[in-house]
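Engineer: What follows is each chain in one-letter form.
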Amino acid sequence: MAGQIVATLLRVGIGGLFIFAGVVKIWDFDTGGSATQAFALEIQNYQLTTWTASIVAAIYLPWLEVLAGLALVFRRLYTGALVMLLALDAVFIAALSSAWARGLDISCGCFGRSDIQVNYPEKIGQNVLLLALLGLLLWLECRKSRHASRLD
Amino acid sequence: MPFLRVTLALLTCLPAIAGAELRWEQPIQDFQRSPEDKYVEARFAFKNVGSSPVTIRRTRSSCGCTTAKLAKQTYVPGESGEIVAKFNFGSRTGPQRKTITVFTEGKEAPDVVLDLRVDVQQPFVVSPGLVFWRIGDEPVAKLIQLTSANGRKVRVKSVTSTNPRVQAKLQTAEEGERYTVLVTPAATDRKETAELRVETDYPADAPRTYTIYARIK
Amino acid sequence: MIARGLREAALLAALALVPALVSGAVQLQWKPSKTAATRMEWRKEEPLQEGEVRMATVQMWGDKVLWVDARSRQKYEAEHAPDAVLLNEDVWETQVAEFLNEWEPEYAVVIYCDGATCDASHAVRKRLTEELQITNVYVLKGGWAAWQGR
Chain L
0 MAGQIVATLL RVGIGGLFIF AGVVKIWDFD TGGSATQAFA LEIQNYQLTT
50 WTASIVAAIY LPWLEVLAGL ALVFRRLYTG ALVMLLALDA VFIAALSSAW
100 ARGLDISCGC FGRSDIQVNY PEKIGQNVLL LALLGLLLWL ECRKSRHASR
150 LD
Chain H
0 MPFLRVTLAL LTCLPAIAGA ELRWEQPIQD FQRSPEDKYV EARFAFKNVG
50 SSPVTIRRTR SSCGCTTAKL AKQTYVPGES GEIVAKFNFG SRTGPQRKTI
100 TVFTEGKEAP DVVLDLRVDV QQPFVVSPGL VFWRIGDEPV AKLIQLTSAN
150 GRKVRVKSVT STNPRVQAKL QTAEEGERYT VLVTPAATDR KETAELRVET
200 DYPADAPRTY TIYARIK
Chain X
0 MIARGLREAA LLAALALVPA LVSGAVQLQW KPSKTAATRM EWRKEEPLQE
50 GEVRMATVQM WGDKVLWVDA RSRQKYEAEH APDAVLLNED VWETQVAEFL
100 NEWEPEYAVV IYCDGATCDA SHAVRKRLTE ELQITNVYVL KGGWAAWQGR
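Protein chains in written order, with numbering that gives the first Met the number 0: chain L, 0 to 151; chain H, 0 to 216; chain X, 0 to 149.
If you're looking for bench data, these hints aren't it; they were derived computationally from the structure.
Derived lysine to any residue pairs resembling SDA-like cross-links, with alpha carbons at most 25 Å apart:
1. X:K125 <-> H:R133
2. X:K74 <-> L:A100
3. H:K141 <-> H:E176
4. H:K216 <-> X:D82
5. X:K125 <-> H:D114
6. H:K106 <-> L:Q125
7. L:K122 <-> H:E104
8. H:K71 <-> L:I123
9. H:K190 <-> X:N100
10. H:K190 <-> X:E130
11. H:K156 <-> X:L131
12. X:K74 <-> L:S96
13. H:K71 <-> H:D114
14. H:K106 <-> L:W99
15. H:K168 <-> H:E194
16. H:K37 <-> H:D118
17. L:K143 <-> X:L5
18. H:K168 <-> H:R151
19. X:K125 <-> H:S33
20. H:K106 <-> L:D27
Some chain H residues near chain X, calculated using beta-carbon distances under 8 Å:
21. S90
22. R91
23. F131
24. R133
25. T192
26. Y212
27. R214
28. K216
The beta carbon of each residue, even a glycine, is placed where N, CA and C say it ideally should be.
The task is simple: from the sequences and hints, build the whole structure.
Structural biologist: As structure tokens, this is what we get:
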């Protein structure tokens, strides 16, 4: 029973995290305008996509995050949302690793030997943890449906 | 139940969001420097006045040659730290402003935007820095003003041209304060490139030479 | 199980398309154009700052443009606009002579740096106009990103 509560907390917590992360990529609350262009530039910094692809991704990805996050919170299309978020997170980890391997400074969009360099191990580690938690939720869901079908 | 224990262990790794707060002593700092200082270093001190540890996850500088150094990234409640920002002037002069945006763990929005302002006061102004003639123009002399600024006394020792077909003549209006340079091309029948080196006596330990560019195009 | 997961994920992806397409249409002012390639431009209402010029305008100037790259030497050497000259505040002393060698008074000088939020290009413009008193100097709105998206 306690396990059930923890699973619910995880589900709602991670769902909320993705909703928030998606919303701030759509709307910049600090300046009161669209955050899409800034996000497109961030994507471009990874130097993995063409400019057009970066714009398309900057428009589409945040909405995927928001809807998948909502799906988690309200337990609708739950399995699909977990699969979707696992895929998105895996892609992000791959992009981060690629940028790390190439020694890219993705923290400053402009030239400037400035900033604390993005702490790649830390960032990748955080997302691997998130990946693990998503995987855990998916595994629990699989176990639950298998268990339910066994009762028939 | 092993599942419960494992999950709780994982959860404690996640940063605590509630009660995290850094207080910045002087987020805006103003300096006055000369170009020969080459750089300015500002220390932005902060203290964790919240009830949980704060981790600075990244900083972003407004574009430019500013480096930000941080000894470590996580600070427990009560602990102090500082971001040391070093701004190299290069050949920049005049009012400069560099911002450093600091992001902390658990907050999507920036924690603070540090403001580093420097007035790099140039001691000597060369105006204009470029004179040009088009091919076929009258080879008239062009005038360049050399002026000491910001309370300095800068003496011009000489003005020499790198190209004998473009002559430079120095005239002293007021020693250590104002000079003029008359630049005259021998002819404007073809393309020419010339640099006029203005030798000064300031600063005493490493006197600067300023460059005036002359072109015939 | 996997099949259901993929099916639901596909449904989510399709659902997300709806607000994304609306958002995209609003922000990009997607207009079917006569030419085969459709151009993407950010909201036209965004005002031009002092000295700025849009990529579309520069393209109308044709050949009489001298491109100035105000980014880092690394980025310049990786890729730059055709015949662009590297000039930024870090290498000013060594590079300005080369810039002047390429410069002709009839040219429009268009400076770009990394992107929409970069100020290096404005700094270079300020020095060219104030110190060297060169007119016809502009900053490309959107920077290198605008060049790539032309």
